[in-house]
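Undergrad: Please construct the entire structure, taking both the sequences and the accompanying hints into account.
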Amino acid sequence: MSQPATPGVLAALSPRDADTSSSRRAELAEIDASTSGTVLLFFLAGMVWLLIGTAFALLASYKLHAPDFLSGQAWLTFGRIRTAHLNAVIFGFSAEVAVGVLLWLMCRLCRVPLMAQSVINAAAVFWNVGLTVGIVGILKGDTTGVEYLEMPKYATPILFVAFALIAVWTIVIFRFRREQHLYVSQWYLLAAVLWFPWLYSTAQLLLVLEPARGTVQAAVNWWFGHNVLGLWFTPIGLAAIYYFLPKVIGRPIHSYYLSVLGFWTLALFYNWNGFHHLVGGPFPAWMITISIVASVMMIIPVVSTAINHHFTMVGHFGKLKYSPTLRFIVFGAVSYTVSSLQGVLSSVRWFSEVAHFTHHTVAHAHWGMYAFFTMTMFGSMYYILPRITQREWPSERLISIHFWCTAVGIILYVAPLSWGGWLQGKAMLDATVPFIDVVKITLPWLKLRTLMGLLLAVGHVAFFANLVWILARRFGPYRQPEPMILAGVTPAAPVGK
Amino acid sequence: MGIISFILIGSSLVFPAVALWALWWAGRHGQLAHADKAALLPFDEQEPVGRMTDVVLNRPKASKASHPPQGGPVP
Chain A
1 MSQPATPGVL AALSPRDADT SSSRRAELAE IDASTSGTVL LFFLAGMVWL
51 LIGTAFALLA SYKLHAPDFL SGQAWLTFGR IRTAHLNAVI FGFSAEVAVG
101 VLLWLMCRLC RVPLMAQSVI NAAAVFWNVG LTVGIVGILK GDTTGVEYLE
151 MPKYATPILF VAFALIAVWT IVIFRFRREQ HLYVSQWYLL AAVLWFPWLY
201 STAQLLLVLE PARGTVQAAV NWWFGHNVLG LWFTPIGLAA IYYFLPKVIG
251 RPIHSYYLSV LGFWTLALFY NWNGFHHLVG GPFPAWMITI SIVASVMMII
301 PVVSTAINHH FTMVGHFGKL KYSPTLRFIV FGAVSYTVSS LQGVLSSVRW
351 FSEVAHFTHH TVAHAHWGMY AFFTMTMFGS MYYILPRITQ REWPSERLIS
401 IHFWCTAVGI ILYVAPLSWG GWLQGKAMLD ATVPFIDVVK ITLPWLKLRT
451 LMGLLLAVGH VAFFANLVWI LARRFGPYRQ PEPMILAGVT PAAPVGK
Chain B
1001 MGIISFILIG SSLVFPAVAL WALWWAGRHG QLAHADKAAL LPFDEQEPVG
1051 RMTDVVLNRP KASKASHPPQ GGPVP
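Protein sequences, first through last, are from chains A and B. So the first sequence is numbered by my numbering: it starts at 1 and just counts up by one. So the second sequence is numbered by my numbering: it starts at 1001 and just counts up by one.
Derived from the structure by calculation, the hints contain no laboratory data. As the structure is a prediction and not an experimental result, all values here were calculated from the model. Cβ atoms here follow ideal geometry from the backbone N, Cα and C, with glycine treated the same way. A portion of the hints provided could be inaccurate.
Stated by the list, open to error - In silico contact screen, one side only, chain B against chain A (beta carbon under 7 Å); selected entries:
no., residue
1, Leu1040
2, Val1049
3, Asn1058
As the list claims (entries may be wrong) - Rough simulated footprint, nothing fancy, chain A against chain B, three-plus residues with beta-carbon under 8 Å:
no., segment
4, 1005-1013
5, 1031-1039
6, 1051-1057
TA: The following block contains the structure:
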């Protein structure tokens, strides 16, 4: 597959200096080919971090009900392993796969090839260097102690530079666009690349470089922690759903107006949500109340998005049988609705007083970050990878193992853990229950969580094996041209009914 | 804290301003209108509406071994 001619760095910065041939709308194959190396780099690195993060997760989960396991070494203690897991899956897997999906979607929707790939490739290298430094620092015990910002301060500037390159290049792609009208996915993607640097730099300034004093730290911490999910990962996940759902089934989104309403109401309300994690804390009541009101207002974007996705799929559910992308994307879309409504409920005072400081919050985080975002990213990769490698997925069996292990695994992870967390919270509020009994109440749920973590790990290994296999077909010594039936096919039977 | 306060206050003014500008720009350039056209943007003549673009699982054996014609029956 030959690489198409794409503008250089200087040309990319100014459309006026670009080759005149780039003024036409690029073909899809040309766009896919231009993104191939860069997107593969992000996907591969992300998947390696997923496997590393999964190993950390299993170890941390097992330690919750077997605390003496591997406790002789400081770097294997729960505090470090759990933190390493969080950072590996958030800033390693999720962020890198998100950037890969973002770049591919942006190029496709703007109808331009990816320009000066070396810039983004350098950003990918920077990001992984910064992340490796950060995770090694965490394992050495060199953490900030601030949740979601644990990486030591010498690692974060590298990450920031890398992300700045990615953000600037996304805007450059947008500036070069050959399709003037924006699709709703582009709104989400552009917002995400603007929101994340704002969140990250503000939180770094106020919590790491020049830490604010007292309870303000907690306020900033939750403002960042909540928004990094809602204003960075969520927009990219929704952008992917709004693209792949119609694209796979071959039907436009049910209501474009609803999708735009969903975007602007998310932008308006989400930023205020973080303080609902501080219910009962030493904060002005108005701060908490505003946050709860904004959290309840999130029903508007969530329900409008859910209605839109559901009515787009009506009559096409039979296509789930044929498309792995559709399976993961639909699972992610449903999970977005469930986890968001669970979040609304969790923000209300009476509920938060029980569920906060329990495993219920952990379960909620995994509804959002795994059941919604990670499953959506898996679905996106199932669509993108064959198109950028020009190879079909080698093993249907591995795809099925991946889907069923992760789908069943995450449902049986979060649903029981949500209930276990609720029981834990009720017991903690009962002054007659000794604390050790509260711990015992959580044990069955924590053991089930480890078991389901193993199931998720099997799914991840199956996907990684398929990924390595498809790359071996593309780049290995026995590479050969293959017939492609991925695009341009219409099921003969009306499978949607 | 002087410079940091300046940066924080500045950014907290700039970002909402950018959002408002984006909304104004969208309205002015017709991005909030023509919903029917916007909904069709993921599609084109290569991958038009009505064509499923991801058929990987549960295909009959024959279709795995050969390249069906564009728009051909699968499965």
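Undergrad: Hint by hint, note whether the structure agrees.
TA: Evaluation of the provided hints:
| no. | hint | result |
| --- | --- | --- |
| 1 | Leu1040 | holds (6 Å) |
| 2 | Val1049 | holds (6 Å) |
| 3 | Asn1058 | holds (5 Å) |
| 4 | 1005-1013 | holds (count 3) |
| 5 | 1031-1039 | holds (count 8) |
| 6 | 1051-1057 | holds (count 7) |
No hint from the list above goes unmet by this structure.
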